[in-house]
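Student: Here are the chains, one letter per residue:
Number of protein chains: 2
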Amino acid sequence: MQNHFPTSSDILDARTRIQSYIHKTQVITNSYINSLVENEVFFKCENFQKAGAFKSRGAVNAILSLRPDQQTKGVATHSSGNHAQALARAAQLFGLPAYIVMPKNAPLVKIAAVKDYGGIITFCEPTLEARESTLRKVIEKTGAVEIHPYNNYTIITGQATAAAELFEQTPKLNYLLCPVGGGGLLSGTALSTAYFSEGTSVIACEPAGADDAFRSFYSGEIVPSVQPRTIADGLLTSLGTRNFPIILKYVEGVVTVSEASIVEAMRLLYERAKIVIEPSSAVPLAALIEGKVAVKGKKIGVILSGGNVDLATLPFCNKQ
Amino acid sequence: MQNHFPTSSDILDARTRIQSYIHKTQVITNSYINSLVENEVFFKCENFQKAGAFKSRGAVNAILSLRPDQQTKGVATHSSGNHAQALARAAQLFGLPAYIVMPKNAPLVKIAAVKDYGGIITFCEPTLEARESTLRKVIEKTGAVEIHPYNNYTIITGQATAAAELFEQTPKLNYLLCPVGGGGLLSGTALSTAYFSEGTSVIACEPAGADDAFRSFYSGEIVPSVQPRTIADGLLTSLGTRNFPIILKYVEGVVTVSEASIVEAMRLLYERAKIVIEPSSAVPLAALIEGKVAVKGKKIGVILSGGNVDLATLPFCNKQ
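Chains as they are written, first to last, in numbering that gives the first Met the number 0: chain A, 0 to 319; chain B, 0 to 319.
These are computed hints drawn from the structure, not numbers from a lab.
Keep in mind that the hints are not guaranteed to be accurate.
Derived lysine-lysine pairs resembling BS3-like cross-links, with alpha carbons at most 27 Å apart [to be verified]: (1) A:LYS298 to B:LYS23; (2) A:LYS23 to B:LYS171; (3) A:LYS318 to B:LYS248; (4) A:LYS114 to B:LYS318; (5) B:LYS136 to B:LYS72.
Construct all of the structure, not just a fragment, from the sequences and the given hints.
Tutor: If you want it as structure tokens, here you go:
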């Protein structure tokens, strides 16, 4: 299995390949938050990334890694989230069609964003079975290549570039905290850390209401995510079979946090750092607030995964 | 009158004087917003400034410009907004007491912020008369020096440093848009533009519901702000006698915008640029959205004045 892991050269090549098409996002610090959590925290702002999330890294890398004969028919995926937008945008950049299967109850703002990027949407019932069967039909009909949101090595390699950049932008980090959903960002982050920042420990952070990665990590087998309940809508999915072995090998631990801490962390970043993030991005800071990473005076990186949030229903808003 | 205007040397000296105590804030662009308004817009992010607003520039400059014998007794002001926080913070930096007169109905979050910075608060009735008479009593008792939020040349000079920085961070701007309340930021911006960016036109932007600067500018006499009604809570005050002559001489025009446009501009900056701003900061972009600055294809600077907003009542939140 390990032989298939993306290599350090793969990640360096991906950085070169995608650099004209993504932002090298900034890293911010905030003195109030540092005092509060008693560590020095470096936030990698993928909320400022193209299409509003780290997903643009993997999507661009995946498309540019296709063979020419694969590219002609376009790309396809099922997603109601950031991957859909990122893949549609990346395909549009290179003049490829992007076929996106979305559940018919997907938020209008996400549907509009995919359409804005020229994505060709097929709606389906809101079940995993319907999403997968509809995607198979779309692929049979179009000949498009499936680009899975996380269970795909070129996606993992693309997502790995965020941490690789971060290590160049900060002093040596003792810890790097990363949210975990399907494991695309986490597995990429873990690889980059192993290759480019020896001595930095990667900690995965997950909502307690969607703790399948926690249970998978400590049991050694993928435990599916069943009826997850969390505001962190990017972290609902189960780990991928390509992501899990990387995570088992290179991640030091998985911690879980409460919904209240996620909202508190989100509010802190809005109120003090003046940035807009989506709930999933707040999960690592929530772990620091809860003391789940029980260290003081350390240098801690945090990947803020994205900023695509429904502004009409922000959780700290209490307007009547 | 003109002889009293701060000079280019005054502004350059202020930059040196304050640089260790403030952020050199970044300038951001957003391709979606550029397409929408058909100009290239450069946002100067004073929402990321210390204490969350440009006011920290003036407050630090004012305190560091006091004679040593003036400093011993501390500083005083009446304010329920960003100046109160900025002055308290600046005074704390240099170990001076800051006496802040606040109306007793000031938002709790603003009171807490002033206290966090060590400000000594005296509450009063929520009228201008009560604020001024209470401030006089505080000054009589303490011997503190009054630092007016805008009608003060060292404040104007401090605020001028934001535009001076912006000109170094961007290509030559055709226009520079600035919100106007009391005129501290606007008069400083106008001076920096006249001194450091010849050929750039300064346009003041104001809510139609608080259009005293518009009426003052075009009548040539200060028209007081009477019962202003706007979400832009930083822009309620009347122009200062020291600010107005500078504005008349160096500002090209004043435009007004609707409340709906202010909210739309605010939402755009949250949704697309992923940054948190206060309503006052959205007023210049609202002017571009409304076509009040009727140009295309130009390079336009916008000063985002601050990011201190009540997150519980964001105007685009519609949670029930």
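Student: Now, for every hint given, state plainly whether the structure supports it.
Tutor: Taking the hints in turn, this is what the structure says about them:
In summary, the hint linking LYS298 of chain A to LYS23 of chain B is supported, as the alpha carbons are separated by about 23 Å, within the 27 Å threshold. Restraint check for LYS23 of chain A and LYS171 of chain B: satisfied, since their Cα atoms lie roughly 24 Å apart, inside the 27 Å limit. The suggested pairing of LYS318 of chain A with LYS248 of chain B is violated, with an alpha-carbon distance near 43 Å, which exceeds 27 Å. Our distance criterion of 27 Å between C-alpha atoms is met by LYS114 of chain A and LYS318 of chain B, whose separation comes to about 26 Å.
Distance check on the hinted pair: LYS136 of chain B and LYS72 of chain B sit about 14 Å apart at the alpha-carbon level, within 27 Å; holds.
When each numbered hint is compared with the structure, a violation occurs for hint 3 only.
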